[in-house]
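Number of protein chains: 4
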Amino acid sequence: MTTHQFQPHHYHTTIGSHPPVLRIHPGDSVMTSTVDARGADSSGQPITAPGNPMTGPFYVDGAEPGDTLVVHLDKLRPNRPFGWTRTMVAPNVVDPEQVPRLPWPEEGKELANWRVDNDAGTATLVAPQTRLGALTLPLAPMSGCFGVAPARGEAISTATSGPHGGNMDYRGFVEGVTVYLPVFVPGALFHIGDGHALQGDGEIVGTGIEISFDVSFSVDVQKSRRIFWPRGENEDYIFAAGNARPLDQATQHATTEMIRWLEQELELDPVGAHILMGQTVEYDIGNIYDPAYTMICKLPKAVLP
Amino acid sequence: MTTHQFQPHHYHTTIGSHPPVLRIHPGDSVMTSTVDARGADSSGQPITAPGNPMTGPFYVDGAEPGDTLVVHLDKLRPNRPFGWTRTMVAPNVVDPEQVPRLPWPEEGKELANWRVDNDAGTATLVAPQTRLGALTLPLAPMSGCFGVAPARGEAISTATSGPHGGNMDYRGFVEGVTVYLPVFVPGALFHIGDGHALQGDGEIVGTGIEISFDVSFSVDVQKSRRIFWPRGENEDYIFAAGNARPLDQATQHATTEMIRWLEQELELDPVGAHILMGQTVEYDIGNIYDPAYTMICKLPKAVLP
Amino acid sequence: MTTHQFQPHHYHTTIGSHPPVLRIHPGDSVMTSTVDARGADSSGQPITAPGNPMTGPFYVDGAEPGDTLVVHLDKLRPNRPFGWTRTMVAPNVVDPEQVPRLPWPEEGKELANWRVDNDAGTATLVAPQTRLGALTLPLAPMSGCFGVAPARGEAISTATSGPHGGNMDYRGFVEGVTVYLPVFVPGALFHIGDGHALQGDGEIVGTGIEISFDVSFSVDVQKSRRIFWPRGENEDYIFAAGNARPLDQATQHATTEMIRWLEQELELDPVGAHILMGQTVEYDIGNIYDPAYTMICKLPKAVLP
Amino acid sequence: MTTHQFQPHHYHTTIGSHPPVLRIHPGDSVMTSTVDARGADSSGQPITAPGNPMTGPFYVDGAEPGDTLVVHLDKLRPNRPFGWTRTMVAPNVVDPEQVPRLPWPEEGKELANWRVDNDAGTATLVAPQTRLGALTLPLAPMSGCFGVAPARGEAISTATSGPHGGNMDYRGFVEGVTVYLPVFVPGALFHIGDGHALQGDGEIVGTGIEISFDVSFSVDVQKSRRIFWPRGENEDYIFAAGNARPLDQATQHATTEMIRWLEQELELDPVGAHILMGQTVEYDIGNIYDPAYTMICKLPKAVLP
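Residue numbers (numbering that gives the first Met the number 0), protein chains in the order written: chain A, 0 to 304; chain B, 0 to 304; chain C, 0 to 304; chain D, 0 to 304.
In short, the hints are calculated from the structure, not lab data.
The reader is advised that the hints may include incorrect statements.
As the list makes no split between identical chains, a pair holds if one copy fits it or if it spans any two.
As the list claims (entries may be wrong) - With a straight-line cut-off of 20 Å between C-alpha atoms, the simulated DMTMM-like cross-links for lysine to aspartate or glutamate are: (1) 74 <-> 264; (2) 222 <-> 63; (3) 108 <-> 73; (4) 108 <-> 96; (5) 74 <-> 40; (6) 108 <-> 268; (7) 74 <-> 262; (8) 300 <-> 40; (9) 300 <-> 234; (10) 300 <-> 105; (11) 222 <-> 73; (12) 222 <-> 27; (13) 74 <-> 235; (14) 222 <-> 109; (15) 222 <-> 106; (16) 222 <-> 116.
So here's chain A without its partners, still in its complex pose (with noise of 0.2 Å):
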């Protein structure tokens, strides 16, 4: 039950088979931080190249495949006090005949700034000038980008997402959140990035509030717990991830692997299972921006048996 402190050297921006930063233990701990999405670090300092660069990956002892890598989110905060966004919906998430009119930036004006108040827990918008003055928003800190080395081999752009995890920009994924990574390589080789201060559902302008984080997340390892793509748990909900497009794609993942969990591992015979989904699942989008859109599917613990 170690915990690490570690200090990142350099970024990935592809999640993938990389050499490992840091071999941990089940049961330990790590505190490390983020860059942002352009790589700036907590001083605003760009340090590596643009793209979600990830920290790590962490090898993470005894995880081999078939195996669910758990990953609790202890601490996701913001480490320093401005971040950006881009300013205009994306073209994908408006009506096709709609995108000539959409406010196009100059080159140059694409983002929009922000003042982060870390401790008052608000993001204020500081430019461009807009009516919106200066638009104040609770902060609602989450990160955008995480996962583990996908299988045969490949690795796969922080641009977008898979059943290894990825770029999800789920809203949920926030501080006191357990995840859950199927494992399809020895170590598992779990990476995270792309901090957002807060964001809206879908990430529709393609990006949250952008900035560095400090980062604390634990590790366990569940052997021979097989599932197929990423699943999540807070106090009130338990939930399952699925990517790609379309989002009815998306959707059938997300649906299918609560499916598994409700038959294989709560123990809820079929037609039950059904017919609870039915009258109480929830969705959530992720993100539907990136080349793979997220959808969440998830049940109140409370109607669980």
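Here the structure of chain A is known, so what remains is to put chains B, C and D in place on it, guided by the hints.
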């Protein structure tokens, strides 16, 4: 400002330019009833053909193409002590290769029965016997299907949805909500039915707890307010519905309609509107079972200027 | 075996249970005409409202729900020397971020004009002036839209398509083809219109070369042959149409219909049917412009047992 | 202008920045071989892990990011007398509710065997026994999977496709075709494999007739010609591939790439390019089985200025 008592004598399984059953004025209210999705009334007797039979249509004086019909849902209440659901998650929302493993019911055993206690505000599973036992859930009555006659003489099945509304199965269409619908024909021709005592997101078993309703609504007309998709408003949110397949396209419709609302009616500048949506938008899933799926794009009123 | 001369006096922009204009018998032929997509006749005069106006419907004696209507397309010929197309590829078939770069036409300049030489069998671009000059293409006349009244009283816009047929815009619906349509209402109620002098796959500018037609067709009824989607047959192929969005779902409908045809009517064993389809199936794109897209699944007759 | 004989010793099931097996120059040719999709060579022996193992990668001197790699497919020939296919149409291409009725094979009986007569140019079904008997089809050898190393260090499974090429399974990638691929890394790193003796459109059973190949290709580099998706050319057509799900998005990619080709390289004015595409474009389906589907947008050379 008349309150009409209307006892339906026949029902429609399309939404279209049917002869109106009642002519009402802006400001008027209607107290009426709806049968369940199979055409059974408050006694449980089937009194009309199945398939989401609609009560109406109601002709609203003064409503013309290009206007917006306002419908305030004053009362949506189950009026009998029993309802029914299907028992299997629909094949279209699970991974294709998993479809053979679904609990396909024997013929005649497709339905589950629920006892509905309107005083206690609960629904309790009666049959079949599963590990859920007498699962009891809080009522959350909603209308699964309502709308106005579509343009160009179309008559659209109440199994699906479109710009005119229809079978959206959104959990947010509850008592107290104000709905806005585009008017395509003189009098608008409002239809309503398909009451659910409660429902999970997506209506993924193809039903909520289907039940007959006592319904009251009041109407108004906003002259020359042109909207393109159904909208709504409750105490906390404004929202817009998009109806299409795949969900990606439903999302495009709903998002575009919300952008219009912000820019054209709430007087946000485009850049302000987009920045605001990026960080505060929320999406809810309506139905993901019918030919057209439903996506809801919503914004908290608290963040609106 | 009567040949009816029918001169239309009014047209419909929905396909539905409209009063029949003529009652015919199995074996009969009809010689009639169709207006172009904007309602202009052989003189170029608009004589009815635009939007793919249909000639018909024709009531076929003896056709009952559950039967199949057979329509042999005996003649499909442009009957005037000019047609028109739109000039811009539709936003829905290009990458969303490229939509602003499309050559959006000024108002009033949305159309290109073509001279149609029915004797020479060619169409020649007349305006606008482009580097194409007087581009000349061979005629390949086809009907973009035809179908039968849908089930449950629906009246469906001729802008879209479904199991009843409708606006499929498939280049393969040419003179000489035999079409099979599921019958949903007594008399089937056949509608036809939307002639194209020629068209590219997908109708990606939203039109073929739109033109009025002289049309002849003969009908038959196959009692108790139940099909689910439009089918067709020419000298070399049998084919089935699926109409839906996304194309993936249209593909599912068309493929499933072809499997039914092989297994239920052509008496292939399921494994044989699937092996055959795997290595010999071909797909054609119908329209990818309308609310519902069209996919054609076809098999060479040469490989059928 | 060297012709290299290359005997592969190992294979890759991702397309990525693997160490090159051979360094060649523009103008050079390579004569080599490929194993079948399960890793079996010309003797039928499995010599490497299954999953579309690739021969290569080949480093092409002078190819830099932003250039285009030209690959002329000089020879694509089965080099053994037997191949195999799967026997069931994939669940993702049939209607979801029909999936349980598919002829799901018993374990160990998923494959059909074909005799391949390279002299006669035919493939004949050997097993299983079906009403097809000894179905004999003409050979039409094609490469199902080839491509170049993707950008940003990705290594992408040969089960899928993208801008880099990959598992497109397009029947048009036959001997004699010239392929154009965007270069993302120095040397381009060309991989090739997955030979099919023949295949139906869409690869809907998940395979063509899978077989090992003798392959020859020659390469060239077009400096500073920037393309975004794989392109090709044969005697009659130019074509562009789009790879994505749903097919709608693959269609958008392919269509956009063709517009670029016409406007930027073939010097058509935009209005001319769009009018031409509208009336002469053709679409072919590549694979509709893999995670990313493939759509081909093509134009007859005869209509190009």
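Here is how each hint holds up against the structure:
1. 74 <-> 264: The answer is neither: 28 Å in one copy and 41 Å across copies each exceed 20 Å.
2. 222 <-> 63: within (8 Å within a copy, 45 Å between copies)
3. 108 <-> 73: Neither: 36 Å inside a chain and 47 Å across chains, both beyond 20 Å.
4. 108 <-> 96: between (24 Å within a copy, 17 Å between copies)
5. 74 <-> 40: within (17 Å within a copy, 52 Å between copies)
6. 108 <-> 268: between (56 Å within a copy, 16 Å between copies)
7. 74 <-> 262: neither (32 Å within a copy, 38 Å between copies)
8. 300 <-> 40: For residue 300 and residue 40, the Cα distance exceeds 20 Å both inside one copy (38 Å) and across copies (35 Å).
9. 300 <-> 234: Only inside one copy: residue 300 and residue 234 sit 8 Å apart there, 27 Å across copies, limit 20 Å.
10. 300 <-> 105: neither (48 Å within a copy, 30 Å between copies)
11. 222 <-> 73: neither (22 Å within a copy, 51 Å between copies)
12. 222 <-> 27: For residue 222 and residue 27, only the intra-copy Cα distance (16 Å) is at most 20 Å; the inter-copy one is 52 Å.
13. 74 <-> 235: within (19 Å within a copy, 30 Å between copies)
14. 222 <-> 109: Neither: 46 Å inside a chain and 31 Å across chains, both beyond 20 Å.
15. 222 <-> 106: Neither way: residue 222 and residue 106 sit 51 Å apart in one copy and 27 Å across, limit 20 Å.
16. 222 <-> 116: neither (42 Å within a copy, 45 Å between copies)
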